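Asks: Protein sequence lines, in the order shown, are assigned to chains A and B. Heads up, the first sequence stops at 120 in our numbering, and the numbers go up one at a time, no gaps. Heads up, the second sequence stops at 114 in our numbering, and the numbers go up one at a time, no gaps.
Derived from the structure by calculation, the hints contain no laboratory data. Keep in mind it's a predicted model, so treat the numbers as computed, not measured. Warning: the hint list may mix true and false statements.
What the hints assert, rightly or not - Below, a sample of chain B positions facing chain A; criterion: calculated Cβ distance under 7 Å: (1) Leu44; (2) Tyr49; (3) Phe66; (4) Gly86; (5) Ala89; (6) Phe105; (7) Gly106; (8) Gly108.
Even glycine gets a Cβ: it sits at the ideal position worked out from N, Cα and C.
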Amino acid sequence: AQSVTQPDIHITVSEGASLELRCNYSYGATPYLFWYVQSPGQGLQLLLKYFSGDTLVQGIKGFEAEFKRSQSSFNLRKPSVHWSDAAEYFCAVADTGTASKLTFGTGTRLQVTL
Amino acid sequence: NAGVMQNPRHLVRRRGQEARLRCSPMKGHSHVYWYRQLPEEGLKFMVYLQKENIIDESGMPKERFSAEFPKEGPSILRIQQVVRGDSAAYFCASTSGVQETQYFGPGTRLLVL
Chain A
7 AQSVTQPDIH ITVSEGASLE LRCNYSYGAT PYLFWYVQSP GQGLQLLLKY
57 FSGDTLVQGI KGFEAEFKRS QSSFNLRKPS VHWSDAAEYF CAVADTGTAS
107 KLTFGTGTRL QVTL
Chain B
2 NAGVMQNPRH LVRRRGQEAR LRCSPMKGHS HVYWYRQLPE EGLKFMVYLQ
52 KENIIDESGM PKERFSAEFP KEGPSILRIQ QVVRGDSAAY FCASTSGVQE
102 TQYFGPGTRL LVL
C-alpha cells in the first residue's frame with residue numbers, strides 16, 4: 007500500500023527566509039503527487055501537483071516542488087516566506103492505477119516569525 | 002463557478018444521535034470523495050462515489066457509517082448513533098473524472114458531546 011511521510015511535524019522560519027518542507031512516499035510505480043495547504047479552520051487548497059514530465063513543478067503563491075524518483079521524495083520549497091504562509095501543509099499521493107483516492111501525510115505546521 | 006460546498010460547517014450532536022453531512026460538488030463534477038481528519042492528524046480516505054454508485058468504500062468504518070450520491074442532489078455522509086470518537090472534520094472533494102485533481106470543500110466539523 008502506498009504511504010506518505012512528512013518527517014517534520016512543526017517548522018518555524020523567519021519571514022523572508024527560504025523554506026523546504028520534506029515529503030517521502032512509498033509507491034511501486036510513478037505516483038501522482040500533490041501538495042495542499044490548510045489554513046486554520048479551512049479546507050484544503052491545492053498548491054501544486056506532479057503527474058509526469060518536468061520533475062520541477064511550479065505552483066501558486068510562489069511555491070515549487072521537485073520530484074526525485076531516486077529518493078522517493080517530493081519536497082516543497084519557497085525562496086522567501088511571507089507571514090501569510092503560516093498554515094498546515096500536506097503532501098499526498100494518488101494511486102495512478104485505479105481510482106485516484108489520496109493518501110495524505112500527517113502534515114507539517116509552518117510558523118512564520120516576523 | 003462555485004467551488005465545492007459543504008453543509009453544515011459545524012454540527013453538534015449528542016451521543017446516539019444521527020449526523021448527516023452534505024456535499025455539493027463543483028459544477029460539472031460527478032465524482033465525490035469523503036475524507037476524515039481527526040485532531041492533529043492528516044486526512045484519511047473514507048469513500049469514493051460517482052452518481053448513484055459507490056466505487057470504493059475501503060476506508061469506511063464497517064458499522065454506523067454510510068454514504069450516497071443520488072442522481073439529483075448532494076452527496077450525503079450519514080453517521081448513525083454517533084460516539085465521541087466520531088468528532089472530527091469531514092471533508093469532501095470532487096473531480097471531473099478519475100485521476101483528475103481533487104478540489105476540496107471547507108469541511109464539516111462534527112462535535113459529539
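Asks: Are the hints correct? Go through all of them and say.
Replies: Going through the hints against the structure:
With its C-beta approaching chain A no nearer than about 5 Å, B:Leu44 sits inside the 7 Å limit, and its interface hint holds. Evaluation of the B:Tyr49 hint against chain A yields a held restraint, the C-beta minimum of about 5 Å falling below 7 Å. The closest approach between the C-beta of B:Phe66 and any C-beta of chain A is roughly 16 Å, which is over the 7 Å cut-off, so the hint fails. At a threshold of 7 Å, the smallest CB-CB gap from B:Gly86 to chain A is about 18 Å, leaving the interface hint violated.
For the restraint placing B:Ala89 at the interface with chain A, the shortest Cβ-Cβ distance is roughly 14 Å, beyond the 7 Å limit, so the hint is violated. At a threshold of 7 Å, the smallest CB-CB gap from B:Phe105 to chain A is about 4 Å, leaving the interface hint in force. Because the closest C-beta pair between B:Gly106 and chain A is about 6 Å apart, less than 7 Å, the hint holds. Annotation: B:Gly108 was flagged as interfacial toward chain A, and the flag holds, the nearest CB pair being 5 Å apart, inside 7 Å.
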